[in-house]
Structures are given as structure tokens and as C-alpha cells.
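Number of protein chains: 4
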Amino acid sequence: MQNHIKDMIVAHPRKARINVDVLHETLAAVFDCAHTTWMCADACLGEPDVRDLVRCMRLATDCAEHCMVTGRFLARQTELDVTVVRPHLELCATACDRCGAECERHAKVHEHCRISHDVCRHTAERCRELIRNLP
Amino acid sequence: MQNHIKDMIVAHPRKARINVDVLHETLAAVFDCAHTTWMCADACLGEPDVRDLVRCMRLATDCAEHCMVTGRFLARQTELDVTVVRPHLELCATACDRCGAECERHAKVHEHCRISHDVCRHTAERCRELIRNLP
Amino acid sequence: MQNHIKDMIVAHPRKARINVDVLHETLAAVFDCAHTTWMCADACLGEPDVRDLVRCMRLATDCAEHCMVTGRFLARQTELDVTVVRPHLELCATACDRCGAECERHAKVHEHCRISHDVCRHTAERCRELIRNLP
Amino acid sequence: MQNHIKDMIVAHPRKARINVDVLHETLAAVFDCAHTTWMCADACLGEPDVRDLVRCMRLATDCAEHCMVTGRFLARQTELDVTVVRPHLELCATACDRCGAECERHAKVHEHCRISHDVCRHTAERCRELIRNLP
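Chains as they are written, first to last, in my numbering: chain A, -13 to 121; chain B, -13 to 121; chain C, -13 to 121; chain D, -13 to 121.
If you are wondering where the hints come from, they were derived from the structure by calculation, not from laboratory data. The reader is advised that the hints may include incorrect statements.
As the list claims (entries may be wrong) - Ranges between beta-carbon positions, derived for each pair:
| no. | chain 1 | residue 1 | chain 2 | residue 2 | range |
| --- | --- | --- | --- | --- | --- |
| 1 | D | Glu76 | C | Asp67 | 20 to 28 Å |
| 2 | C | Arg114 | A | Glu111 | 17 to 25 Å |
| 3 | A | Asn119 | C | Ala2 | 43 to 51 Å |
| 4 | B | Pro73 | A | Pro121 | 42 to 50 Å |
| 5 | B | Arg37 | D | Pro121 | 26 to 34 Å |
| 6 | A | Asn119 | C | Asp7 | 28 to 36 Å |
| 7 | C | Glu90 | B | Pro73 | 17 to 25 Å |
| 8 | C | Leu120 | D | Ala2 | 39 to 47 Å |
| 9 | D | Val(-4) | A | Arg114 | 21 to 29 Å |
| 10 | A | Arg118 | D | Pro34 | 42 to 50 Å |
| 11 | A | Arg72 | D | Pro121 | 41 to 49 Å |
| 12 | D | Asp38 | A | Val95 | 38 to 46 Å |
| 13 | D | Asp38 | C | Ala2 | 31 to 39 Å |
Said to hold, decoys possible - Once the Cα atoms are required to be at most 20 Å apart in a straight line, the calculated EDC-like pairs of lysine to aspartate or glutamate come out as:
| no. | chain 1 | residue 1 | chain 2 | residue 2 |
| --- | --- | --- | --- | --- |
| 14 | C | Lys1 | D | Asp35 |
| 15 | D | Lys94 | C | Asp(-7) |
| 16 | D | Lys1 | D | Glu11 |
| 17 | D | Lys(-8) | C | Asp104 |
| 18 | B | Lys(-8) | A | Glu97 |
Yeah, the Cβ is synthetic: ideal placement off N, Cα and C, and Gly gets one too.
Extracted from the complex, chain A is given alone in its bound form (with noise of 0.2 Å):
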């Protein structure tokens, strides 16, 4: 079963105020960025090298707290002031960047540091593509 974030974007009675593919694109983004971060910091936490990876477990929970609530703050379309979404997009790309690069630094040894590094690097983008986007 696929996710259901554009059908839902879709069935909105409100007109969204942003392009719906690129809305789409950029939820689905930040919700899997947020999970993804969430399990490298649960991952790190369960490495033998658990002192070398401390800034990284901070960095991946703030990511994955970030990526969260600028999701669920995007996805309600009801009163959205598009206004104050680029401080929270540019937060959210700030964040993603942060984690990603310290993610980078233990890529090579560790395998969901790799892939948390690619996912922030990927949602830092859409974030910003989704901030020359706005109306």
C-alpha cells in the first residue's frame, strides 16, 4: 500500500495555496527524513563506537524533530499562512544539513549513516525547492 499524502492533499476542501506536486514532493520528504533520522539516532545508540557517534545521535534527533513538525505543520492546508513558511522550511533545511553532514563523516563505517546522509542532503533540497516555489 503507497502513501496516501497526495490523495490527500487532493481531497482538501481548501484550495492548497501551493503546488500540489511540489507540496507533495516536499511532504513526502520531510516525513521520511524524519523517520530515517530517527532510527540513525535509535541505530547509533545501539553501535559498539556508541562515544563516537553522541553529536551525531543530537543532530539526528533534532533533524528528526524538525523534519516532524515542519511535516505536520505543511500538511494542514486549513488557515495556512504561506507567509511564515519559509522561516520553517529554511529551519528544516538548516537542520537536515546539520545532521547530514556529521552523518556524512561516519558514512564509510556506518551503513544508515549513509543512508541518513542521503536522505538529509535530498530533503534540505526539496525543502528549498519548495521555498522558490512559494506564491
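Given chain A's structure and the hints, the job is docking chains B, C and D onto it.
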């Protein structure tokens, strides 16, 4: 870009104590249901007949919260105690049942409630399937 | 400035179906416990002996998540179904018991674990007191 | 039983990079505001004139989400990067401003909106006070 839940389960340093495919399907379902019901509560808020949807918004928010916390709980493999998984999943399935039943009442009028009903029913099934597969 | 939980319960348009004082004390406890255990997991992450605190971080994060979702659930009075309150509270009390027991093991060495243990024990009691007061 | 935020800041193994009293007051404020606005959105949902409160529920939910994520971010001292604290607090203060302004419009009719307005205004001030105290 697909979601990375399964890749992250496989990349975890500790071997999953739950069947990987069943765990993956359950996580994908509960996260999708969390996002869908959160968006359904917001879609209800944007409807002209919002007064008739008060109970629906209540139960959709409950369901979104429980699916999210259940997913975040199950997604962490480090020191997961399998004996406490069952009550989590039972509570989550109950939240899905209750939201799904209310959404069904509005499914002919509101497409977002029809989708939400389908997703809730599917997710409750996935939770119960995982319960049957617990070691 | 004190917290405003009790004022908000009293100001709600729908009469609480649970005794106001018991509800207030439970909400104050679960929210405090959510914040305390979230901070304990982070304090553990900052300790030199982080490797010995892996299980403590796991259970503190579980407890923080469950106390938060239980609080957010109980705090909403509109269309609250009292029959589903019991399993929520039981699960929350179990999460507090488990986190508290692990924190107790580190209480002599780490002050944050000692505080967390106290708060978890108190919160589990409040949850069970509310169960006894359910209509 | 009082809340334990300040005890937990002091018990942390890493010295806070932000003034302890200012940090404590800000955390107490954002967590109280998160719970208050979450309860205000639910109180609005229970009002007979729910149709007039749609925008209020939107902004109260935004505010609750941002106060919570800001609190959970600031509460973690391990590897906290002080340079990213400012945009978090600015976004949180904006969410409080917007929710508070809408609540003020309903403050004479709905006591929960009056309380929420007060708490939002206080919390926005605390966030800006912390910004002024950043190292």
C-alpha cells in the same frame, strides 16, 4: 524517492527481534496512518459543515497521535522489549478502529474521510498481524 | 508564572467527565515526567560512561514519548471516551515503571537518574490513582 | 509536586551554555504554552460557535507544535549549537504572537482564549529575552 524504513531496519547494528518484513509493513502503515488522519482532522476543520465533524476531528487526532508514537516506539530496535509491544499495538489498533468507524459515517460526503477510513482499517489489520507474529 | 493546566480544564466548554483535581494532578505529573525523562536521556548522552546508559536512554525516551502522548490525549475533553482512558494510563504507568527501575540502578552515580526515578514513580502512582477514579 | 526542569538543567553533566535561570524560565514558558494552546484548540472544538474559531484552532495547533519542538530542542544540552538557537526562538515567538493575536479577538467571549492570549504573550517575551541573553 521511496521511503527508507526497510533500509534502516536492515542497517541497524542489532538484529531485529521481529520479522523484518512484518515490521516494515507495520511501520509503513502506522506512519502513513499518522499522516493521513492528521490531514483528515485538518480537512474536516476546513469543511463548511465543521460542526458535524467534531467527533471525527477528535478521533482522527487521537489516531494520528497513537500511530505516530507507536511507530516511533517500534522503529527503535535498541533494547526493545518485545513483551511490551503487544499492548502498544492493541491500543494503536483500537485508535484506528474508532477513527475508521467515525470516518466511515462521512465517507460518502467527504473523500478525505473515505481515504482515512481505508487507511485506518488497513493499519489496524497490520497491527494485529504483527501481534500474531510476535516471538 | 505557574502553569495553566487547571485553569484550562475549568475553562473548557464541556464539563470534564473525570474529577477535575485528579485530572489536573495527573496531567501535571505526566507532562513533568515527559520533560524530565526527555532531559534524562540527553543527560545520559552527555555522560562519559554513555555505554553503560544505553538501556536507560532507550527506556527514558519510551517514557517521555508515552507520557507526552498520554497527556495530550487526556488534556482534550471534547468527545473524550472514558472507556479508552484506562489502557492509555496502564501503558503510561508501565513505561514509567520500566524507566524508573532502570534509572534507580544509576541513581547513586547520576543525579539526573535519581530525579528521573522519583518523577517516574510519582507519575505511575498518579496514573493509577486516576484509573481508580474513572467513572 | 513542582516541575523538575530546573533540577534537570543543573544535574546535566555538561555545563549549560545559556544562563541557567533564563533557560529555565524559557523552558517552563514554552512547555506551559505548548500545553495551554493544545488545550485551547480542543476547547474551541467543543464550543457551539466552532465555525467562528477555525482560524483560532489552526494557529493554536501551530503554536502548540512549535512551543513543544522548541522546548524539546532547548532542553537538550549535549552538543547544543548556540548559533542555531536564535532562529528556533524567533519562529517560536512568531507562532506565539500569531496565536495570541487571534485568541485576543475571542478573549471576551471565551475564557480559554483569554488565558491562551496571556500565556502566548508571556512566552513570546521569554523567547525574546533568551535571544538577548545568547552568548
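Now the hints, each set against the structure:
Distance hint check for D:Glu76 and C:Asp67: the Cβ-Cβ separation is about 39 Å, which falls outside the suggested range of 20 to 28 Å. Against the hinted window of 17 to 25 Å, the Cβ-Cβ separation of C:Arg114 and A:Glu111 comes to about 49 Å, which falls outside the hint. Judged by the Cβ atoms, the range 43 to 51 Å given for A:Asn119 and C:Ala2 holds: they are separated by roughly 45 Å. Our hint of 42 to 50 Å for B:Pro73 and A:Pro121 holds, since their Cβ atoms are close to 46 Å apart.
For B:Arg37 and D:Pro121, the Cβ-Cβ distance of about 51 Å falls outside the hinted range of 26 to 34 Å, so the restraint is violated. The hinted range of 28 to 36 Å is not satisfied by A:Asn119 and C:Asp7, whose Cβ atoms lie roughly 51 Å apart. Our hint of 17 to 25 Å for C:Glu90 and B:Pro73 holds, since their Cβ atoms are close to 23 Å apart. Distance hint check: the CB atoms of C:Leu120 and D:Ala2 are about 41 Å apart, consistent with the given range 39 to 47 Å.
Taking 21 to 29 Å as the suggested C-beta distance range, the pair D:Val(-4) and A:Arg114 does not conform, at roughly 40 Å. The beta-carbon spacing between A:Arg118 and D:Pro34, approximately 44 Å, falls within the hinted interval of 42 to 50 Å. In this structure, A:Arg72 and D:Pro121 break the distance hint of 41 to 49 Å, their C-beta atoms being roughly 27 Å apart. Take D:Asp38 and A:Val95: their Cβ atoms lie about 57 Å apart, and the range 38 to 46 Å is violated.
Take D:Asp38 and C:Ala2: their Cβ atoms lie about 24 Å apart, and the range 31 to 39 Å is violated. Straight-line distance between C-alpha atoms of C:Lys1 and D:Asp35 comes to about 17 Å, which keeps the hinted pair within the 20 Å bound. A threshold of 20 Å between alpha carbons decides the hint, and for D:Lys94 with C:Asp(-7) the separation of about 16 Å falls inside it, so the pair holds. Proposed proximity of D:Lys1 and D:Glu11 is supported: the alpha carbons are some 17 Å apart, at most 20 Å.
Our distance criterion of 20 Å between C-alpha atoms is met by D:Lys(-8) and C:Asp104, whose separation comes to about 15 Å. At roughly 13 Å between alpha-carbon atoms, B:Lys(-8) and A:Glu97 fall within 20 Å of each other, so this suggested pair holds.
In summary, the structure is inconsistent with hints 1, 2, 5, 6, 9, 11, 12, 13 from the numbered list given earlier, while agreeing with the others.
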